[in-house]
Amino acid sequence: MVDVLFFVFAAMAVGGAFGVVLQKNPVASLLFMVGTLGAIAGIFVLFEAHFLAAVQVIVYAGAIMVLFLFVIMLLNLGHDYRADIRSGIGAFLAFAVSGAFAGLLARQFRGAEENPLYQRFPGPEGMDALLAEQGIVGAIARPLYTDYVVAFELVAILLLVALVGAVALAKRRV
Amino acid sequence: MTALLDAIGYDVWALHALIWLPLLGMLAVLLAPQERAKKIAFGWTAALFLLSLGLWWAFDPEGPLFQLTSRVEWIALWGVSYALGLDGISLFMVLLTTLTMPLAILGSFRYIRKHEKAFYALMLLLQTGIVGVFTSMDLFLFYVFFELTLVPMYFIVGVWGGERRIYAAIKFFLYTALGSLLMLVGILYLYAQARATGAPPSFHFLDLLGTPLTLTEQLWLFAAFALAFAIKVPVFPFHTWLPDAHVEAPTPGSVVLAAILLKLGTYGFLRFVLPLFPEAAIHPTVVMVMLTLGVIGIIYAAWVAAVQPDAKKLVAYTSVAHMGFVVIGIFALTVNGLQGGLMVMISHGISTGALFLILGMLYERRHTRAIEDFGGLARVTPLLATALIITALASIGLPGTSGFVGEFLALLGTFERYPVLAGLATTGVIFAAYYMLPMVQRILFNRLENPENRSMPDLSGREIAVLAPLVALMILLGVHPTPVLERMDPAVQAIVEYVDDANREGPLAAAARAEGERFAVEVGVGAREARDVPGAGLQRPATPESMDLVRSMHWPGTAGFPGQEE
Amino acid sequence: MLVEALVLSAILFVIGTFGVLLRKNAIIIFLCIELQLNAVNLSFVAFSRFLGIDGQLFVFFVMTVAAAEAAVGLAIIISVFRHYEAVNVNNFNLLKW
Amino acid sequence: MTGLENATVLLLQASPGGYDPILPGLILLLPLLGFLANGALGLIGGVRAAEELRSGREPARHEGRPLTHTLPTWIGPATIGLAFVLTTANFMAMLGAELTDPIVRSYWMWMATGTLGVEAAIQLDQLSMIMMMVITGVGFLIHVFSVGYMKDDPGYPRYFAYLNLFVFFMLILIMGANFPMMFVGWEGVGLCSYLLIGFWFQDREKADAGKKAFIVNRIGDFGFLLAIFLLFVSFGTLDYATIFDQAPEVLTYGGGVATAVTLFLLLGAIGKSAQVPLYVWLPDAMAGPTPVSALIHAATMVTAGVYLVARAGVLFALAPVGAAAVATIGAVTALFAATIALQQYDIKKVLAYSTVSQLGFMFLGVGVGAYAAGVFHLMTHAFFKALLFLGAGAVIHSMHHALHATHKDWDAQDMRNMGGLRRYMPVTWVTMAIATVAIAGIWPFAGFFSKDEIIWYAGTAAGVGGGYGALFTVLWGMALAAAVLTAIYMTRLLVMTFHGSNRTGDAEASHLHEAPLTMIVPLCILAVLSVVGGWLNVPGSVRNSIFGGFGLLPMSDWLDRWLQPVTQSAVDIRVAELGGYASSAPVGGGHVLWGAIATGVALVVVILTARAVSRQKIVPATQDTVPLSGIRKHLYHKWYVDELYDRVIVRPVVRASRFSWRWIDQILIDGTVNAVGGVARGFGWFGSLFQTGQVTTYAFILTLSALAVLGALIF
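Residue numbers (the working numbering), protein chains in the order written: chain R, 107 to 280; chain P, 1134 to 1699; chain B, 6 to 102; chain G, 14 to 728.
Wrong hints could be hidden among the right ones.
Distance ranges between label pairs, derived from CB positions [what the hints assert, rightly or not]:
| hint | chain 1 | residue 1 | chain 2 | residue 2 | range |
| --- | --- | --- | --- | --- | --- |
| 1 | B | M6 | P | A1310 | 37 to 47 Å |
| 2 | R | N182 | B | M6 | 36 to 46 Å |
| 3 | G | I680 | P | G1594 | 55 to 65 Å |
| 4 | G | L49 | P | V1318 | 49 to 59 Å |
| 5 | R | Q225 | P | A1310 | 45 to 55 Å |
| 6 | G | A254 | P | I1415 | 32 to 42 Å |
| 7 | G | A693 | R | G244 | 54 to 64 Å |
| 8 | P | L1314 | R | N182 | 40 to 50 Å |
| 9 | G | G690 | P | L1138 | 47 to 57 Å |
| 10 | R | L269 | P | L1311 | 52 to 62 Å |
Hints in this document: simulated from the structure, not taken from any laboratory. Bear in mind the structure is a predicted one, so any value in this text is a computation, not a measurement. Note that CB positions come from ideal geometry on N, CA and C, so glycine has one too.
Whole structure, please, built from the sequences with the hints as guidance.
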């Protein structure tokens, strides 16, 4: 059941990704992106990362993508999309480079299951025990506010800076 | 005096105060209102000079080699320590620094017109760096201070300099930074080699002393260190940054550059290069190369100086010639040569500093540095003329001035081992007259033709206050240099003896001896505390017991020292 | 299941890369970068299933940074658009030498 | 405080033995104090004059006599006079003491290192004492003369400051107890010489002359320094006492070290004493005030080289090559300079070349081992040459006033503009005539005895062994020729200046006047000394001949005996190695006979020259347009030596300097440095090509780089 669901979500994600890249209409790209994010959220659930799945849907798909949508609409890009996708040599180069990338990665995955490192990989029992004991929120929250508290604070400041920066950049010159 | 100093614990805090108080002064300057910045800076440095005078009494010429020592862990993991110490060589370098700084600042009151606060703050920062260099016992700390001196100087030249200041500043910075980076590599290699012997990690000079190195390693390390210091000195083919930097730098910058910063190079040779790489230091090729470069520097720089139309550039080239005497004195590796080299360093600091100050005063009056714009000034500015003549004579080493003592000893010391090269170097005294007298003549003598020179004011009270101490020192050190020489003597003898021992008995044995001598102190007092006790350091002579101890503990493989019987 | 997740992650990442290189619309390029980030997130989550909770924490941070990046990036796009009346990256070539 | 007390104690300290030096330190201190006082006054005066100059006026020359002018009049001569009195007292004390070893007084440790110890010490012995007498005595007279001569000069206090400083350094040179101390004086007098030659520094030529003197002297100092180094390496000390005591053991006779040391010392002496080939600075040095020429460039400083050779006599005795070189240089110089003096018109130039020539005689003397004779000639020469210069000074002074009064722009020093001055300046004429016959070597004047003795020793030295006989014979001949030339050019000078008709011009002639009393008195004293000064050192054979009035005249060989403790060891070595002097001249004849020949020839030459010159038609310099030709042209242009040096040495060095700067420094070295910078810049430029400004390009490069890293990790 889980495997089947994974492949369904995977197919959705890959399909959505292609949609993002290949759709001429930005709004359509954006919607495909939302779909992809949703699929990935589904996979998160399969990996018992319920909290992240929720955040993915609420924050990513819900907030960030809507922000993108707002910008697209603000700039009124929905109807004039001719010169958007590269063609000719540009397209070829893009394809070649990412193809090479894909090739390299594929080479790495070949025979991964026989890799001794993979053989010695721990099972999900540890995580299961942790989740059983603390619940997903507790399991994330505890290190977040202890071991990672500095990073957490930094990220908070980063968000503030980004907020101020975005306002400063986007507002009209007075 | 000594009792007073003891009573206030002078030897415990003096060096730290001399390094860090300038930073406090920098803060004071930055917080003060713009128009009072220079006065605060001058007062501060003058007070520091008075403070540093205590070193004269606190340093006991009969005492151990390194005095006023202290050692605090800084980066314990790597063995980096904040370790300070003072020997006869650094004593005078520190005094020279603390003396030059207030005079340079006092001499810049009229010259520096913009960003005064920043300027004086940088000068104070510079003082921290320089005093730090001269008192560091830890190579890492030394490197930090060595680099620290670069930054303020870069800004001083680059911001307050003349027309081509940016070019000069960048050239100065890149040139010296290149050398010191190679030195950093050398320091790290040396450190790694020392650790490879199983010793605890340490950058302390005395710990690194006697690190076993093959001759090839020594030569490479020597090259790395020597390049850094040769650029700083500067030795002949690496000197071209100097005229540019000197000409473009504002007066106080030139003064500090000539009087003190150049000495960082020769000081480095003396303090680190000779003892750390004793075999390389007497390797015939190395010695010949260094001596030849020194001699070329003396003659070549004198020639080039003689045809300069720009007075400041002329004096800049004379610095190269003077430092040539220091280089040959150092690499002749005789007591007289080293003493002479040190005296030249001191004397050059005083006389060239004064020359730059005087040229700066002329520049303030006429806004030109070209020699041909002057002439006949002796009639309008007799006081300035007197100062310039005495300074010029001290610079060309007239007996009775400090310049003579230095050059005489340096040449004598070189002659003891390398008569032919010393003979060539001695022609420098002829060429010194060849470059200096025409300049003096064309500035002070000849007909007073230019009407602008006619209304030139003579020295003001402030300017007299700047020059008088320097002129007095030139003559005092020329007539009675013995107090200086006798304080430097133990340090110089120790270096010569150490290098001799290292080559006669092999570096391991000599290192063991030096280490043993230090160890003797530590065993007596308790190894850990010893380093913080003033006076811990190389102490001579070693006792036989300590030697045995060292042999058994540190270098188990080197039984049977030649020369151990004595 | 780990390997499959990683392969999916790789595929998504390559597609994102392809998109970045292929498209000229600055907004779409941003979307593709988000796609790449998500591919990485997927890897993190997959690993975290077996290796501990830290992977999820990283994803959390990546999301935050992505949010900040999107905010600033979009603000830049808006201000650039005001200047050029376009979001085509081929137009932006003044920032050189 | 303790230092001062120590110094006082040392000053007053009595030494063991029969002779207690009386305040020897004070002899040095007095001129120094004079220098400080006059120097301060000079600065004050200078500052005042500068203020006037700034306010737009030329400082007035004759405007009253401010304190800065009246005080030096007393301070300057008084300090030297007191020093002279002290020296005399010491001299008297030493006279009665039969001193054998020199007395050394050490004041403080000057330079001390682990291996070297040089003390600030003075040495009193017979040689330094006689030199001190000459320096302070003649120095005092010249100071007095200067009071009159420099009266109107705005730099009056400065002048006395330099002059006092000179005496101080000269005394250090003489009294120093080790070579570095002598070197202090050696360079110090060079400095004063430089300052005084360029005293009227506004005149570019005069400032140039000072510079030339200093630089040429430094060439000599270079040799001196090397000699000092070599001595230190050989002896481990630089004290006279040790070196001269141990020299016979440490140095092998005729060995390389001894020869090298003496040749280097000789180089130093050549520079300071203006011998061939470094004599060129001395004629130019005549740019200084005339009393300076008298004191520094005739009587004292230039004889330092002679003093050096005499002082280091032991070393020269150990190095026959060095000694022979000294003698050769001396003889060559004596003859060479004498030829140039024949055809000079500037009265001071004639005297300058004459000085060079006479110094050559002294070198010849000390070179052949006749140290006493050399020092003897040094002393008598100090008397009559100082007299000649001061007389010339009086003449120039008078001429200058006369020409100044009518604003005639003639050269006050050109003898062609003079003539017939004896009517206006009788005392000057008489005293100069005495000096002339003295230098020409006519009995019974001082020059006769001293020069004759040198020539005699040069001749008899031809009899020594070691293969130097032939050389000394030649040198003897050259000395004889030089002696004849001396008589010629000096007579020419006297006749052209004082005899014949006056060529100054009628208006000017009425302004010619005898010198003031402060100038006349020194002249007279020196004139007396020029006569009796020669009687101090007359060997017995001469004394008992007609030249000594058959023993009736108050003559003695006192100086020879006086200097014996100093010179004895050198003479001993010389006699032991080379054998003694011959008893007759190379071509036969004894001392008395050759003395008679010398004075007879000199007399004849003087008379013939006087007649020839008075018959010659001399016109003032401005009208003298007939170009010289042949040998006279070469003589007038001083054999073109200055031009030769200019072309062979000066200009190549300057050219090399320019080459070093322009090509080596700026293009080769700095070019390389900048080229390295250029290469870095080139790389930067290349890198900047990738910065197209296109985001897509960056993205491609980024991806490709990531690919490359990935690839590197995988493969």
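A quick look at each hint next to the structure:
| no. | hint | verdict |
| --- | --- | --- |
| 1 | B/M6 to P/A1310: 37 to 47 Å | 55 Å, violated |
| 2 | R/N182 to B/M6: 36 to 46 Å | 44 Å, holds |
| 3 | G/I680 to P/G1594: 55 to 65 Å | 46 Å, violated |
| 4 | G/L49 to P/V1318: 49 to 59 Å | 56 Å, holds |
| 5 | R/Q225 to P/A1310: 45 to 55 Å | 53 Å, holds |
| 6 | G/A254 to P/I1415: 32 to 42 Å | 35 Å, holds |
| 7 | G/A693 to R/G244: 54 to 64 Å | 57 Å, holds |
| 8 | P/L1314 to R/N182: 40 to 50 Å | 56 Å, violated |
| 9 | G/G690 to P/L1138: 47 to 57 Å | 50 Å, holds |
| 10 | R/L269 to P/L1311: 52 to 62 Å | 45 Å, violated |
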